[in-house]
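Chemist: Produce the complete structure using the sequences and hints provided.
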Amino acid sequence: MTAYVEHLKPFLRKTPFHERIEPLMTGNQWMRWAGHYSPAVFESVQSEYMTIRNGASVYDVSPLIKYRITGRQAAEYVNHLITRDLARIKPMQAFYTSWCQDDGMLVEEGTIFRFGENDFLLNAAKDQLHWLEQVAYGFDVHIEDISYDLAGLSLQGPQSRDVLRALGINGIDHLPRFGIIELELNGHWLRIDRAGFTGDLGYEIWVKPEDALWLWDRLFEVGRNHKIAPIGSHALEIARIEAGFILIDADYSGALHALRPSNRMSPYELGIGWTVNLNKQGYFVGKRALKKEKEHGLSRHVLTGIEIEGRKSAPSSFLYADHPGKHELGLTTSAVWSPTLKKNIAYARVPTAYAKPGTQMWIEIWYGKEHKIERSMVRCWAANRMFYDPPRKSA
Amino acid sequence: MTLQNQTDVIVIGAGHNGLVTAAYLAKAGLKVTVVEAAPQIGGAAVTREFVPGYKVSGVAHLLHGLHPTITRDLDLARHGLDLKAQRVATRSLLPGGQSFDTGSIASISRIDAEAYPGVMARLTRVADALAAYALHTPPRPDAMKMPWQDKLNLGKFAWGLRRLGKKDMLELTRILTMNVNDLANDYFESEAVKGLLCLEGVLGLALGPRSPSTVFNLLYRLSSLGAHGQGGFLLPKGGMGSVAQALGNAARAAGVLIRTGAAVDHILIENDQAAGVVLSTGEEIRAPRVVSNADPQRTALQLIGPRNLDAMFVTRIRHMRMNGCAAKIHLALDSLPDALANASGRVVVAPRPDDIERAYDCAKYGRVSDRPALEMTIPSLSDPSLAPAGKHVASMVAQYCPYKLRDTSVNEARKQIGERSLAMLEEVAPGVKQRVTAMEVLTPHDLERQFGMTGGQWHHGEITLDQVLFLRPAGQAQEYRMPVPGVYLCGAGAHPGGNISGAPGYNAAREILKDARAQKRVVGAA
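Just so you know, the protein sequences line up as chains Z and V, in that order.
The numbering of the first sequence is our numbering, which starts it at 24 and goes up by one.
The numbering of the second sequence is our numbering, which starts it at 211 and goes up by one.
Worth flagging that the hints you see were computed from the coordinates, not collected in a lab.
We put the beta carbon where it would ideally sit given N, CA and C, even for glycine.
Certain hints may be false.
[What the hints assert, rightly or not] Short, incomplete list of chain Z residues facing chain V, as computed with Cβ under 7 Å: (1) Asp125; (2) Gln157; (3) Val158; (4) Tyr160; (5) Gly161; (6) Tyr306; (7) Val308.
[What the hints assert, rightly or not] Here's a subset of chain V near chain Z, in silico, CB distances under 8 Å, partners left out: (8) Val488; (9) Gly492; (10) Arg528.
Modeler: Structure (structure tokens):
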């Protein structure tokens with residue numbers, strides 16, 4: 024999904040870590056992320072991926088769009104905005120949730136952090152202050168885009184905790200998944216939450232932008248013995264597909280940015296219906312539509328995981344119910360060869376009836392081979408999208 | 211919970227539409243309670259004694275849209291509505307003592323006098339064809355999901371338009387989205403006749419004669435002049451309150467319980483379903499269906515509340531144009547100057563389209579018009595009981611007095627529109643000023659506060675093409691049903707719209723009964 028952005032470079036913003044990242048980008052393989060320079064690949068996708076699964080990977084998440092939500096009725100507002108029940112998280116906890124438009128179509132999914140009873144941070148991939156303000160009518164709430172006030176690194180991998188221990192973070196051993204701690208280290212303010220996009224043990228570390236380089240230097244200093252290495256988005260892409268995470272613009276179009284209304288998808292259709300709590304107290308945006316979709320089975324399709332025969336990766340490939348390919352079912356979105364699982368995996372949009380794990384379908388894969396285009400029609404099977412789920416993720 | 215506080219349907223607001231809905235529902239066998247905040251029923255259909263001995267229609271002052279089907283169904287004549295012999299003609303007063311009514315246009319322009327009857331007949335004809343949809347639920351944008359009755363109605367409507375003939379059809383499609391100033395230029399040559407037509411096109415709108423959609427507003431007004439209204443402008447005997455009284459009597463006779471002085475704080479919603487209302491006193495009245503006669507903004511944003519609604523719907527309702535722009539002025543007069551005494555009840559002061567446009571220019575920038583356009587009725591001419599013997603009472607609509615003021619306080623605006631309207635009137639009817647013994651001015655802010663109309667918009671939302679049919683009040687709530695199950699809208703904010711017509715109330719009752727019957731079937735089957 025990389026968009027190489029030579030011509031955009033004059034307009035791109037540099038993250039607070041840019042000064043450290045830039046010299047390491049020997050291949051100069053940048054991509055654009057929310058108007059920032061973001062590394063696609065440092066040197067090798069494979070070795071960066073292996074760092075995620077075996078060492079401690081460092082990924083610059085500063086470009087994330089960050090909305091701070093405060094005010095007397097912030098909690099009521101957030102509960103009206105999101106589909107999950109906010110009562111599930113206490114201050115200094117976070118959770119993953121969806122938020123939808125009136126007709127139940129997904130605006131975005133992401134993590135919301137709760138720091139106090141009425142103090143929240145919503146991390147989003149797309150600008151949506153207008154939407155958040157629209158939902159805020161009638162609530163005593165203040166929403167602020169604080170994207171440039173925080174710099175963040177995602178530290179992911181089995182050795183990430185060791186790195187933080189070495190950094191001198193007391194209590195890191197007791198930080199549960201989706202827990203948040205804030206502390207002072209050598210006079211620098213630090214916020215650490217245990218979340219990430221890799222499905223592995225991992226943390227996100229947030230500092231003030233002026234402390235970014237200090238954090239980078241300290242991490243690489245103490246992490247030397249823990250296989251610490253910076254990664255780009257290509258390596259992260261493999262890990263996130265293995266972990267079952269969906270990505271906006273890859274697996275779905277956000278409702279606010281979809282080109283056509285029919286491009287939008289509901290949480291049920293994306294296989295994240297578990298983030299919709301129809302029984303939580305009070306109304307939330309899209310509830311009536313989502314309830315109707317669930318009760319009447321109105322989902323048009325569902326995004327399921329599939330395991331594919333052979334080793335040919337299958338992005339944007341068509342699925343069929345039969346080998347001749349007469350009965351079309353749907354199409355894959357994200358696809359990758361999983362180096363850890365040694366499996367050919369993908370996400371596919373298929374009718375609900377075909378999403379039951381183990382259901383056999385056929386998939387048509389086109390690939391280049393020695394100046395020719397080859398086609399193969401192979402079997403695939405529906406599977407739980409969370410292909411890779413190591414115990415250490417939540418241990 | 212006492213049995214008293216449990217009913218089948220609660221209607222919020224005893225405006226004329228609320229009473230129509232209540233009466234129809236009660237006639238169909240439902241137990242209906244109407245709760246009204248004011249001490250009297252009627253809403254904007256009210257007779258108001260603004261100084262001792264002088265009575266006037268408080269908001270709406272001309273009756274033309276009351277649908278004959280409703281007067282017949284509810285037998286309003288038996289319940290005290292007297293509509294005989296109170297038809298008024300319109301006289302336009304011009305500066306310099308000239309004036310004309312529809313019979314004497316020749317004194318202004320021979321050409322216009324010849325054109326006028328034909329033009330008005332054609333406009334009324336096409337408006338009448340449109341009015342055929344007044345008592346139907348508007349067609350859905352999604353035709354596939356339309357019930358067969360609605361499809362049939364749409365077909366009949368289309369046939370009705372087709373039957374207009376090629377010439378009228380073509381003219382209708384040409385003028386529908388136009389501005390009334392261009393239309394007047396197409397048809398007439400004299401500024402005075404054009405001015406009269408333009409005033410009819412902008413009454414009730416925060417728009418000037420050169421704004422698009424003003425022809426539609428004109429057609430909406432004219433739609434009651436055929437078979438779907440009263441066929442002309444009437445001044446009801448006893449003021450507009452008499453219409454409300456007749457409707458109230460009809461509703462009570464059908465078994466409706468009407469409680470005045472009972473302001474609703476909010477609609478009670480339990481498990482995402484209407485459960486009743488909570489009064490400002492804290493008292494709860496329970497019912498599975500709640501019908502709001504309040505305007506869409508008040509209904510959605512206050513009575514239901516944004517927390518029970520989806521965000522885009524709330525935005526749609528918030529953005530509904532509800533800019534009141536007309537002030538209501540009531541005059542107590544010792545006697546009438548000649549210019550007014552010779553009129554037959556309705557007088558307009560809008561000498562040229564440009565005068566109205568300039569009046570609107572002020573309002574556009576948040577100011578009271580320097581020289582307002584006026585529509586005045588003198589009900590005491592036909593009904594002397596409204597004023598002490600030998601005295602008169604007049605009711606004026608003065609445009610424009612915008613709700614959205616800039617650098618002018620409401621008090622200043624009230625003073626300005628009063629003074630300036632009187633000055634305008636003095637120009638065309640010399641001597642009127644010294645005969646005024648008392649004056650009451652209701653700005654849009656006053657109308658909002660006293661009659662509960664958001665923005666002081668007397669149609670519960672301007673009648674423009676983007677706010678009618680299935681877009682009234684919003685695409686997602688076009689069939690009298692609000693998004694919360696069991697909550698309905700029956701006022702002018704629903705199709706077809708404002709005027710004392712009863713049509714929204716009639717349509718709402720039909721849709722509510724549809725739901726009630728469907729539910730009965732389900733319960734019966736279970």
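Chemist: For this structure, which hints from the list above don't hold up?
Modeler: 8, 9
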